[in-house]
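Here the protein sequences line up with chains A and B, keeping their order.
Each residue of the first sequence is one higher than the one before, starting from 1 at the first, in full-length UniProt numbering.
Each residue of the second sequence is one higher than the one before, starting from 1 at the first, in full-length UniProt numbering.
Simulated from the structure, these hints should not be mistaken for lab results.
Predicted model, so just to flag it, every value in this text is computed and none were measured.
Just so you know, not all the hints are guaranteed correct.
If you only want the chain B side, here are some residues facing chain A, beta carbon under 7 Å, derived [stated by the list, open to error]:
no., residue
1, Ala58
2, Phe60
3, Met87
4, Phe89
5, Phe95
6, His97
7, Ala101
8, Pro107
9, Val110
10, Arg111
Among chain A residues calculated to face chain B with C-beta under 7 Å, some are [to be verified]:
no., residue
11, Thr160
12, Arg205
13, Val206
14, Ala275
15, Tyr444
16, Tyr445
17, Lys450
18, Ser451
19, Leu452
20, Gly453
21, Ala454
22, Thr455
23, Pro466
All C-beta atoms, glycine included, are put in the ideal place defined by N, C-alpha and C.
One-letter residues, chain by chain:
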Amino acid sequence: MTDTTQETSGPMLAADGTPLKRSLAKALRAQKLRALALIAPLLLFVLITFIAPIADMLFRSVDDSQQGTVHGTMPLTAEALKDWDSSTGELPDNAVFDAVYTDIFVAAENKLHTRVGSRLNYERTGSSSLFRKTGRGLDDIGEVYQDQFEDLDPDWDEGTPWAELMGSPDWLTSMQGWEDGQPLPPFELRDGVADLLPRTAAIYRVFADFQIEEEEKSLLDEEPWSIVHTRLYEDLRDGDFSTYAGPRADMVKAADALVDTAEFETIALKDGFEAIDEDWLDIGLWQTIKAYSTSYTAGYFLNAVDMQKTPEGVALRDENQRIYGLLFKRTMFMSMVITFSCIMLAYPVAYLLANLPMRTANLLMILVLLPFWTSLLVRTSAWKVMLQQQGVINDVLVWIGIVGDDARLVMINNQLGTIIAMTHILLPFMILPMYSVMSTIPPYYVRAAKSLGATNWTSFWRVYFPQSVPGIGAGSILVFILAIGYYITPEIVGGNTGTFISNRIAYHISSSLNWGLAAALGSILLAAVLILYWAYDRIVGIDNVKLGG
Amino acid sequence: MADGSSGDAFVAFERVQKSYDGETLVVKDLNLSMPKGEFLTMLGPSGSGKTTCLMMLAGFETATYGEIKLDGVSINNIPPHKRGIGMVFQNYALFPHMTVAENLAFPLEVRKLGKSEREKKVKHALDMVQMGEFGGRRPAQLSGGQQQRIALARALVFEPELVLMDEPLGALDKQLREHMQFEITNLAHQLGITVVYVTHDQTEALTMSDRVAVFNDGRIQQLAPPDELYEKPQNSFVAQFIGENNTLEGVVKEISGNTCVVQLDDGEVLDATPVNVTKVGERTRVSIRPERVEFNKERLKDGVHTLKAEVLEFIYMGDIFRTRLRVAGKDDFVIKTRNAPDQVRLEPGSQIEIGWLPEDCRALDAG
Ligand SMILES: Nc1ncnc2c1ncn2[C@@H]1O[C@H](COP(=O)(O)OP(=O)(O)OP(=O)(O)O)[C@@H](O)[C@H]1O
Ligand SMILES: [Mg+2]
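Just chain A, with the same shape it has in the complex:
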């Protein structure tokens, strides 16, 4: 006896004494790794080009944290709005306006405010122009203070005095020694200035970083943004500067004195916003902003099913704004019609292919495959030529006299056109799986049925047909899934009533640039297909689907 078959109760051992299980696993692991290495390039390719985009799409459909969203570009506002109860019917308090002021100002400098506007425009029309207008108008608020400080001392409108006031001495020295072409030294705040002028320091830092990193300009030459003056006014109003002895102490003290005088003109932020656009006092706008200020949103999905967020919760959109439900239903319905017509047309052809003598069948097969070798665009355009009102079919019908010249049939740019063209285009996808299943049904079954006394029809219906059902199933899944996501044919021949949801997705990807909505619609489509697949598996059984013997 070898030690692999010891009659001990322990585990089986391989020849070298290691447990058999382990040495088997080791041997198999090497095999598996080799196999994995073989498929690695393909796996990687599929992962990168297929899985990753789908994952990205799924993510995009809920993501609301990118640049150009409330969460991504207006972080202070998003934070400030957290404390605001949108259902009270009261406008947000000053802190919120304050945050919006900073956010939009900075966004406008970065030219991002229009993107936030477009994003919010998906949810509330008019937001886009509002944000554009606000980006332009915000300077009006700061200029109220800027002008008065400048009148007091022109230095307030110069870069260098500000740099001296805000910047650290080290930074200032290197800044002064800077020459064109060198990298700009990163900005450092002077010690103590953040306590002295907290808000000014905060916004000046943003300004400074922006100038250095984005514009690559010397702070010594650039006058600060108008918002910096607004913040300066607020700091001067609230602070005590009698003991300040740092750089530009005189300038600061003089300004402090000016602010305390009765003539000093001020403007409340709320009024400033109202002056730009009254919409800023509309509670609905604030509700929208708050609703879309989280980093993840169900908004795109709600939108994709014709719903929206309201302070009372999720609700259907107005009747005249609902389009996607209709489009989904239409896509489903038309795909089913197309699948059904494909079954009806493909079955006899597949039957012939499978039962004719080889040579005739091959010829027929070439005819079936011929459309595959023609460009999709050509085929679709050909249908346009065929079906249009001055087209071949109408001409023939008129010529025969079936329809009058003044009553030519409308067969294109509507659902009928899409159904006809797509049935034709998808037909091979139905024929081929049917054929491959039918060609594996041996002829002796039908013979057996006939020898048992069944008529031609009975032996077909009771014996042949049930065995060809897997082919119908496979073809139907294929055609339906292809149809549901079809884009180019409905685009060309569908007109207004014959377009699919995918045409809308394409529109949002390429024209309205609302990728989030496009992603949500795409995700719903994907989910619909998966659900159908699952349902099909439950009802028919995916094991019953055969693409070949």
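On the provided structure of chain A, position chain B with the ligands as indicated by the hints.
What follows is chain B with the ligands alone, placed relative to chain A:
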């Protein structure tokens, strides 16, 4: 040749010809008649037209020429489903999407039998093939032998008078095949049905049939009961095809009544029964079964001619011994002897003389 008279025959082929391509005849002038209740086997090499004949009888192929009659009526123009002929296919052709019981009920359903009667008959048919418990299963859940029985039951359930079987046991292993051979013949006799059975396997043909039709090249070479076929082959093809056979070639030296003397090419002479030879000087091929060759001089009849032979090989096969000899310059002459206590075991290399009874050696056509 086959008897062409078909007065009271149940199944009759009359001068039937068949061509698929219009160029070659696959079946050439077939004449055959079967009485009711007969078990007839068609035996022949591959491509000899057996299936074609069966298909013409079943109605799946049409005869190019000639007539096929069932119970005296020409069925040339009757579609298959109206012929009422049961059929067992080589691959059983059980409908995979139906259960066993549904398969069996199918012929009854298309005949519009009532449900209770259907169930009774299905149960009876299943019991008949000892498969009573398997009614609810799918064909794929049965073993080959079980499928075979179901196929048989299905062909019998609607009580046809004629059943055709095309190599029904071809896919089974030897043991099962032998068992099923026995069951099929039993059932056929019990039910009194007429069976046309096609096979490749000559043992099967010999053990099962009332008569065997040996096919070759689109013709029936001989139609006879098994014993006659074996012992009295009509021509060299049948002699070669059925069982093991030794052949020697030569020229007829003299003929007298039912014996003749044949001179082999090396000059030796032997005794034979003339079958396909009529005159002196004709070339012939004589055929002798291995078990009819005698090498024990004492047992040979006086006056018969003997041949010299050299023992080449002795093979022990259990129940028999098989000895290969060189006779008249050929190395493939075989003799078989029973393994009996007094049996001689021939030593390879030894020289012996062999002979036989003239009636065991048949002088046939030269092939
Ligand atoms: N459908 C057909 N079309 C053309 N030729 C055919 C067809 N069926 C059979 N043949 C030819 O007819 C001849 C006889 O075929 P058949 O099937 O009757 O032989 P068989 O005796 O049943 O052989 P096997 O023992 O191999 O089944 C063969 O040469 C075959 O090639
Ligand atoms: Mg055959």
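Outcome of the hint check:
1. Ala58: At about 6 Å, which falls below the 7 Å cut-off, the nearest Cβ of chain A leaves the hint on Ala58/B intact, so it holds.
2. Phe60: Constraint on Phe60/B satisfied, holds at 6 Å.
3. Met87: Status holds, d = 4 Å.
4. Phe89: Holds: closest Cβ of chain A sits about 5 Å from Phe89/B, inside 7 Å.
5. Phe95: holds, 6 Å
6. His97: Interface hint status for His97/B: holds (4 Å vs cutoff 7 Å).
7. Ala101: Violated, because the Cβ-Cβ distance from Ala101/B to chain A comes to roughly 14 Å (cut-off 7 Å).
8. Pro107: Nearest chain A Cβ about 4 Å off; hint holds.
9. Val110: OK, holds: Val110/B within 7 Å of chain A, min 5 Å.
10. Arg111: Check passed: Cβ of Arg111/B comes within 6 Å of chain A, closer than 7 Å.
11. Thr160: violated, 92 Å
12. Arg205: violated, 78 Å
13. Val206: Not OK, violated: Val206/A not within 7 Å of chain B, min 74 Å.
14. Ala275: violated, 79 Å
15. Tyr444: With Cβ-Cβ at 5 Å, under 7 Å, it holds.
16. Tyr445: holds, 6 Å
17. Lys450: holds, 4 Å
18. Ser451: It holds, given that the least Cβ distance between Ser451/A and chain B is near 4 Å, below 7 Å.
19. Leu452: holds, 4 Å
20. Gly453: Since chain B brings a Cβ to about 5 Å from Gly453/A, closer than 7 Å, the hint holds.
21. Ala454: At 5 Å from the nearest chain B Cβ, Ala454/A passes the 7 Å test, so the hint holds.
22. Thr455: holds, 6 Å
23. Pro466: holds, 4 Å
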